[in-house]
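Here the protein sequences line up with chains A and B, keeping their order.
Counting from 0, one number per residue, gives the positions in the first sequence under numbering that gives the first Met the number 0.
Counting from 0, one number per residue, gives the positions in the second sequence under numbering that gives the first Met the number 0.
No wet-lab data here; the hints were simulated from the structure.
Among these hints, one or two may not hold up.
Any copy will do: because identical chains look the same in the list, a pair fits if it lies in one copy or spans two.
Dumping the calculated DSSO-like pairs for lysine-lysine here, alpha-carbon to alpha-carbon at most 27 Å [as the list claims (entries may be wrong)]:
id, residue 1, residue 2
1, LYS234, LYS368
2, LYS384, LYS172
3, LYS10, LYS21
4, LYS171, LYS248
5, LYS171, LYS10
6, LYS234, LYS10
7, LYS21, LYS168
8, LYS368, LYS145
9, LYS9, LYS172
10, LYS382, LYS14
11, LYS168, LYS468
12, LYS382, LYS145
13, LYS243, LYS468
14, LYS226, LYS250
15, LYS475, LYS226
There are 2 protein chains.
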Amino acid sequence: MNWTPNPADKKPMHKQIQEYMKEKITNGEWPIGTKIPSQRHLAATFSVNRSTVVTATENLIAEGLLSGNKGGGTKVINNTWSLLAAGSHMNWSSYVEAGIYQPNSSTIRHINEAEFQRGIIRLGTGELAPDLLPSDQLSELFSGMKHRSVHLGYEHPKGNGELRQELAKHVKKRGIETSPSSILIVSGSLQALQLISIGLLPPGANILAEKPSYLYSLPLFQSAQMKITGVSLDKEGIQLSSLKDQHEKEKGTVLYTIPNFHNPTNVTMSEQRRQELLHRCEMMHLPIIEDDAYGELWFHSPPPLSLKAQDKNGMVLYLGTLSKTFSPGFRIGWVVGPEHVIERLADLKMQVDYGASSLSQWAAAEALKTGIYDNHVASVRYKLKEKSQKAQAILEKHLESLATWNVPSGGFYFWLTLHKPVSMGKLFKHCLDQGVLLNPGALYDHETSQHIRISFAYATLPEFEYGIKIVAKSLKNLYL
Amino acid sequence: MNWTPNPADKKPMHKQIQEYMKEKITNGEWPIGTKIPSQRHLAATFSVNRSTVVTATENLIAEGLLSGNKGGGTKVINNTWSLLAAGSHMNWSSYVEAGIYQPNSSTIRHINEAEFQRGIIRLGTGELAPDLLPSDQLSELFSGMKHRSVHLGYEHPKGNGELRQELAKHVKKRGIETSPSSILIVSGSLQALQLISIGLLPPGANILAEKPSYLYSLPLFQSAQMKITGVSLDKEGIQLSSLKDQHEKEKGTVLYTIPNFHNPTNVTMSEQRRQELLHRCEMMHLPIIEDDAYGELWFHSPPPLSLKAQDKNGMVLYLGTLSKTFSPGFRIGWVVGPEHVIERLADLKMQVDYGASSLSQWAAAEALKTGIYDNHVASVRYKLKEKSQKAQAILEKHLESLATWNVPSGGFYFWLTLHKPVSMGKLFKHCLDQGVLLNPGALYDHETSQHIRISFAYATLPEFEYGIKIVAKSLKNLYL
Numbered sequence: 000m001n002w003t004p005n006p007a008d009k010k011p012m013h014k015q016i017q018e019y020m021k022e023k024i025t026n027g028e029w030p031i032g033t034k035i036p037s038q039r040h041l042a043a044t045f046s047v048n049r050s051t052v053v054t055a056t057e058n059l060i061a062e063g064l065l066s067g068n069k070g071g072g073t074k075v076i077n078n079t080w081s082l083l084a085a086g087s088h089m090n091w092s093s094y095v096e097a098g099i100y101q102p103n104s105s106t107i108r109h110i111n112e113a114e115f116q117r118g119i120i121r122l123g124t125g126e127l128a129p130d131l132l133p134s135d136q137l138s139e140l141f142s143g144m145k146h147r148s149v150h151l152g153y154e155h156p157k158g159n160g161e162l163r164q165e166l167a168k169h170v171k172k173r174g175i176e177t178s179p180s181s182i183l184i185v186s187g188s189l190q191a192l193q194l195i196s197i198g199l200l201p202p203g204a205n206i207l208a209e210k211p212s213y214l215y216s217l218p219l220f221q222s223a224q225m226k227i228t229g230v231s232l233d234k235e236g237i238q239l240s241s242l243k244d245q246h247e248k249e250k251g252t253v254l255y256t257i258p259n260f261h262n263p264t265n266v267t268m269s270e271q272r273r274q275e276l277l278h279r280c281e282m283m284h285l286p287i288i289e290d291d292a293y294g295e296l297w298f299h300s301p302p303p304l305s306l307k308a309q310d311k312n313g314m315v316l317y318l319g320t321l322s323k324t325f326s327p328g329f330r331i332g333w334v335v336g337p338e339h340v341i342e343r344l345a346d347l348k349m350q351v352d353y354g355a356s357s358l359s360q361w362a363a364a365e366a367l368k369t370g371i372y373d374n375h376v377a378s379v380r381y382k383l384k385e386k387s388q389k390a391q392a393i394l395e396k397h398l399e400s401l402a403t404w405n406v407p408s409g410g411f412y413f414w415l416t417l418h419k420p421v422s423m424g425k426l427f428k429h430c431l432d433q434g435v436l437l438n439p440g441a442l443y444d445h446e447t448s449q450h451i452r453i454s455f456a457y458a459t460l461p462e463f464e465y466g467i468k469i470v471a472k473s474l475k476n477l478y479l
Numbered sequence: 000m001n002w003t004p005n006p007a008d009k010k011p012m013h014k015q016i017q018e019y020m021k022e023k024i025t026n027g028e029w030p031i032g033t034k035i036p037s038q039r040h041l042a043a044t045f046s047v048n049r050s051t052v053v054t055a056t057e058n059l060i061a062e063g064l065l066s067g068n069k070g071g072g073t074k075v076i077n078n079t080w081s082l083l084a085a086g087s088h089m090n091w092s093s094y095v096e097a098g099i100y101q102p103n104s105s106t107i108r109h110i111n112e113a114e115f116q117r118g119i120i121r122l123g124t125g126e127l128a129p130d131l132l133p134s135d136q137l138s139e140l141f142s143g144m145k146h147r148s149v150h151l152g153y154e155h156p157k158g159n160g161e162l163r164q165e166l167a168k169h170v171k172k173r174g175i176e177t178s179p180s181s182i183l184i185v186s187g188s189l190q191a192l193q194l195i196s197i198g199l200l201p202p203g204a205n206i207l208a209e210k211p212s213y214l215y216s217l218p219l220f221q222s223a224q225m226k227i228t229g230v231s232l233d234k235e236g237i238q239l240s241s242l243k244d245q246h247e248k249e250k251g252t253v254l255y256t257i258p259n260f261h262n263p264t265n266v267t268m269s270e271q272r273r274q275e276l277l278h279r280c281e282m283m284h285l286p287i288i289e290d291d292a293y294g295e296l297w298f299h300s301p302p303p304l305s306l307k308a309q310d311k312n313g314m315v316l317y318l319g320t321l322s323k324t325f326s327p328g329f330r331i332g333w334v335v336g337p338e339h340v341i342e343r344l345a346d347l348k349m350q351v352d353y354g355a356s357s358l359s360q361w362a363a364a365e366a367l368k369t370g371i372y373d374n375h376v377a378s379v380r381y382k383l384k385e386k387s388q389k390a391q392a393i394l395e396k397h398l399e400s401l402a403t404w405n406v407p408s409g410g411f412y413f414w415l416t417l418h419k420p421v422s423m424g425k426l427f428k429h430c431l432d433q434g435v436l437l438n439p440g441a442l443y444d445h446e447t448s449q450h451i452r453i454s455f456a457y458a459t460l461p462e463f464e465y466g467i468k469i470v471a472k473s474l475k476n477l478y479l
């Protein structure tokens, strides 16, 4: 909700709120049967005392629009139209609950919502800070937009041809040889996973993935009646013995891996492990989804060549994205794979949204062609490295006695191992109550109660230090 | 495929093609086991004689890379790496066939591909012609882009706040009262249908819809184990008696309707029918998806107010889009509905693609705010009306003895009723062989063999006339 009452208005605040809520009921935004948000939540949203909300609600109860039942939550029981007899209202809740897809976990929903609250410190956010985004370059790029250079119609099922040509050159730097016809443009690499889940995997599919993994935070595969089986990681990446064991125990349909600056652990797979992994997967006929969101964000030297670069047998679907290196707001990612797999995914892309934004595709192609993209990434690498070192010093100062962590050589994350297990839910809530948002490790491994993913990419350093102090305080309390 | 051999090159064409194909095999774009496209298809793609393709293919067979079996299609049987023993290759075909979602129908896949072939005349395309798109206004808008005005990070789950505010004002012109918190931004209204299919409907759901309807051309609901039940239409819109019958026979879960310039019939629902429909659905507790893609494209006077405008009980999910009135390439649509339904859909939007392009959202908000959008739509209305009248004269000249059709008062389409039933597949193929692409009526009603959807929005008038002549000739042949 964007609306808040105006304290300067002659009309009392509770009256303004009352009218606002009445309008929602009258408009059908809150139809009969709607359970309205809690008084606590409404007070926070409207930035008023709870008593103000209580007065507004009581007046609407007196008007006969809301129910007085405090136990089961306040409900809309009537609107000003009375077209329907009481009780014969539309029951949307049964629809919301009937859908095939599960909702995001309550922690994720909290995070998605809280990120847009004013004044919140975002320690978890896997996103470049606003001052690391290419705003100036983009204004420049757009102001030089030539007349009629942007295609405004629907695009080819695989995406804009020019962008695919630029991407074929771009992935060559990661060692990947492909023609544009084996590239699919997607609206961010999360969409690639969605298309794979509906297009290439049967219900009951078993997805092997590092544990912990970003993949565990997505309800996508579970919603499609698939399961994720965790494979152990060590300092060189995914463990082959664990992969073999898990695959033997329960046949994997596909392996999902993040070889570079892994989310959340920040481990980078060694050259040798890559070769062994590829060979092993070939022997097992196990295709690989290689998610390379962070590969360009190295601090000292580039990571080994991608798995796809060595994949001469078309085992690997390679996912890339602009979201981590350039701008999440573009919503542009890509998949490289065997041509007929790309065609299947392109056909599905046409079924779900008719393709990615042409404006974004045009701007992405221009940024790649003009070198704006490469220059920007070079500068981001440098700035992120600096920031990571300062963030590292802050962790040492406040968390040394409470946790251990990796020293990042790229990417966005510290993966904190806590000295003692704690309730992940309590830790999240304690911090959020004090305005600090973090990503509990349990998002990436449901069984852990001893990890946190901390991003040094988003918050400013003063915010970061303030936030880390709150985390330290909360941990000390929870360790007692 | 974008590549074609270069006739100016000293190297013979068949040699160039041979090397191109070999590269695809070597890169893993055509892994071992891949069934390569037919010689006919390859010859068309490469713009060469079939014999040139035959020579290239025979050489690759001689090299041992392709199989010689002409009966079952030519397959890749080896690559230059020979890492794997023959027969132990990755079987992607089983993955492509295993996915939960059905492919698009072969006609739709043909259309999606053929639209990008050079020189094709597009009589079916539901899209404004390039010269009806706001290219100039857009260059202007972007060149005036203020420093840091575009948000480049991830957006709020419901979409950019400014755009939602502009949309709240915009839908008010269609009589809809809503706050921005009950609006969800989607990547085109097709995505709204996808989110509804996975988020609000149970497997086995029964979607009532006009028959014919655009909805029949989408495999979306069938893929999610749902079915579509057709309801008859008359000149005033969906027939209430047929709705009652169908709902009684098999309980509908939701009604999908296009009340304005219906796709494909171009019928607009009368004021009285709207009121009766809304009342009937309230009584049946049947929620409505109101797709208003074409409502602004009236030629003489605006259609009656939307169903949502009279929906005081939150029965209606209202879908709008920029695709038909402004630019498909923006990929921007919106859903207006009860707040907690919007929240459920927003949570799913975060699961499938983390939101629509920020560039598109920014540009859409600016176009609405500055009046660029309204001015453009006013001019499109005028130009489309003119075009429809000229197109109408062309139909009269060439098709009068072969079919009947509606006179459009808005929208994009003529819905042709053929004097005799014909094979839809043959008609489609006859025309396509002569470079004319049309949308057979069977896409919108699988049982019909007597309808074609002709769009006057896309092709130029000379193209339109040329295309209609081909249609007339094909019909005469098929009527024999």
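Violations among the numbered hints, reported as their numbers in ascending order: 1, 4, 6, 9, 10, 11, 13, 15
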